[in-house]
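S.K.: Residues per chain, in single letters:
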Amino acid sequence: MLKKSNYIFLVCVVVLVLALLQLPGGTMSKLKLAISGLFLPLFGLSNSTHEWLGQAGGGLLPRGELLRQNAQLRHDNQELQIRLAQDAALWAENARLRTEVGWTRQTRWRVKLARVIGRDPANWWRSVEIDLGSRDGLRANLAVLTPDGLVGKVQSAGETRSQVVLLGDPNLRVSAVVNNNETGIITANSSATLDDGLIDLDQLSGASGAKPGQNVVTWGEGGVFPPGIMIGKIVDLRPKEYGLSTEARVKLAANLSALEEVWVMLP
Amino acid sequence: MSWRPTVFVMTAAFVAVFLEVSPGLFRSLLGAQIDLLPALMVYTALTHGLATMVLLAVCGGLWFDSLSLNPLGASVLPLLVIGLLIYRSRDLLMREHVYAQVVLGLMAGAAQPLGTLFILLNKGATPLLGWFSLWQWLVMTAGAGAATPICFKLFDRLRRALEYQPVTQTSFRPDREIKRGRA
Chain A
751 MLKKSNYIFL VCVVVLVLAL LQLPGGTMSK LKLAISGLFL PLFGLSNSTH
801 EWLGQAGGGL LPRGELLRQN AQLRHDNQEL QIRLAQDAAL WAENARLRTE
851 VGWTRQTRWR VKLARVIGRD PANWWRSVEI DLGSRDGLRA NLAVLTPDGL
901 VGKVQSAGET RSQVVLLGDP NLRVSAVVNN NETGIITANS SATLDDGLID
951 LDQLSGASGA KPGQNVVTWG EGGVFPPGIM IGKIVDLRPK EYGLSTEARV
1001 KLAANLSALE EVWVMLP
Chain B
1042 MSWRPTVFVM TAAFVAVFLE VSPGLFRSLL GAQIDLLPAL MVYTALTHGL
1092 ATMVLLAVCG GLWFDSLSLN PLGASVLPLL VIGLLIYRSR DLLMREHVYA
1142 QVVLGLMAGA AQPLGTLFIL LNKGATPLLG WFSLWQWLVM TAGAGAATPI
1192 CFKLFDRLRR ALEYQPVTQT SFRPDREIKR GRA
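Chain order of the listed sequences is A and B. My numbering applies: residue 751 is where the first sequence begins, and numbers increase by one. My numbering applies: residue 1042 is where the second sequence begins, and numbers increase by one.
Please keep in mind that the hints were generated in silico from the structure rather than gathered at the bench. Be a bit skeptical, because a hint or two may be false.
Said to hold, decoys possible - Taking lysine-lysine and the BS3-like style, the derived pairs with C-alpha atoms no more than 30 Å apart in a straight line are: (1) K1164/B / K780/A; (2) K1164/B / K990/A; (3) K754/A / K780/A; (4) K990/A / K961/A; (5) K862/A / K1001/A; (6) K753/A / K780/A.
Said to hold, decoys possible - Take a look, some chain B residues computed to stay more than 10 Å from chain A by CB distance: (7) L1110; (8) P1112; (9) L1134; (10) L1147; (11) R1221.
No residue lacks a Cβ here, since even glycine has one placed at the ideal position from N, Cα and C.
Could you build the full structure based on these sequences and the hints that come with them?
M.R.: In structure tokens, the structure reads:
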């Protein structure tokens, strides 16, 4: 049996935890970042081990293979430089035409590479930790992507780490457009399947002309995600609410279960 | 009371939470992350004092939640309840038996996610739940069941390696030995 003092101690702990659960979002977020900061040495150790293993693996590659890779990279680099020069001309033309029509000028994306250092330990959320923080110019609500497509957005930014909520998490909704004319909302997949590359595109019109295989990109409404970022392709469609709206399943372009590096879009 | 066992348990909890965050083979193969804290809680509740048990529930839960999208504190109460239930009846439990350890681990592993989800849903959160969550729950339960006896074995070895062993006193005294047979 427990003593009376033990009961008082337990009640105090429970009350404190309940008070913690009632904290407002901002305070809770700061407290979470402070507590998770305790793991920084372990994350650092993991990073160093990863880099060391990478270097050790590089040392084992034969010279011929390295020379072949080097030649390939040089070739890719030259090709990209030519495309960049072409893009610069197109960009300048686009800016001039936009000024003539009176539209606002588009700004170039500023992106920063981040490494994924951890995943959400709870099975019912989809989030990852990255190794960039407010020190690197990150703040909440910045878009995160890979060369394949959109990944999610920064949920909270600590000094050296940030938490990114991924597409498919119930906390993240993205306005999207199909085929440049139909808009909908990207939400978590209602069946929460094993394949975390499947999400739902909800609130398409009942007479939707969307078809499987069509691209889904960000619409740009809401101010978080710029328009035109690839999200994925439609897999299938089904009517909802007695045909008043349509829901589509979308296969994400980015592979969320194998994320190692992501790009954060800076303001 | 020695502070060393408490430090071992807390260090194990810290490392366990870090391992759960690290991308691993189990998660990619099974589609679910195994939670090691319930197994650790079973061990702590059966072998340590109330203070260590509460400390594990509070720190372990807060560490877990700080790296997750869970509201801070959501994992603490289920861990605390599991620990308390085991702690209260630990004199009746056969803690040395692997079978008992596995069963307790299974029960703790099954109860922990359910308790956390209960708190989340009551707080108005919308966690990702579906039919596949049943599979994840089974994996978490089985994982905790398998991890509990491993916890006992590891900590027993650690204790034996780092703590003084009591000298076994024998009642045998050569001067009081009864000599049988003819002299």
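S.K.: Going through the numbered hints above, which ones does this structure break? Give me the numbers in ascending order.
M.R.: 3, 6, 7 and 8
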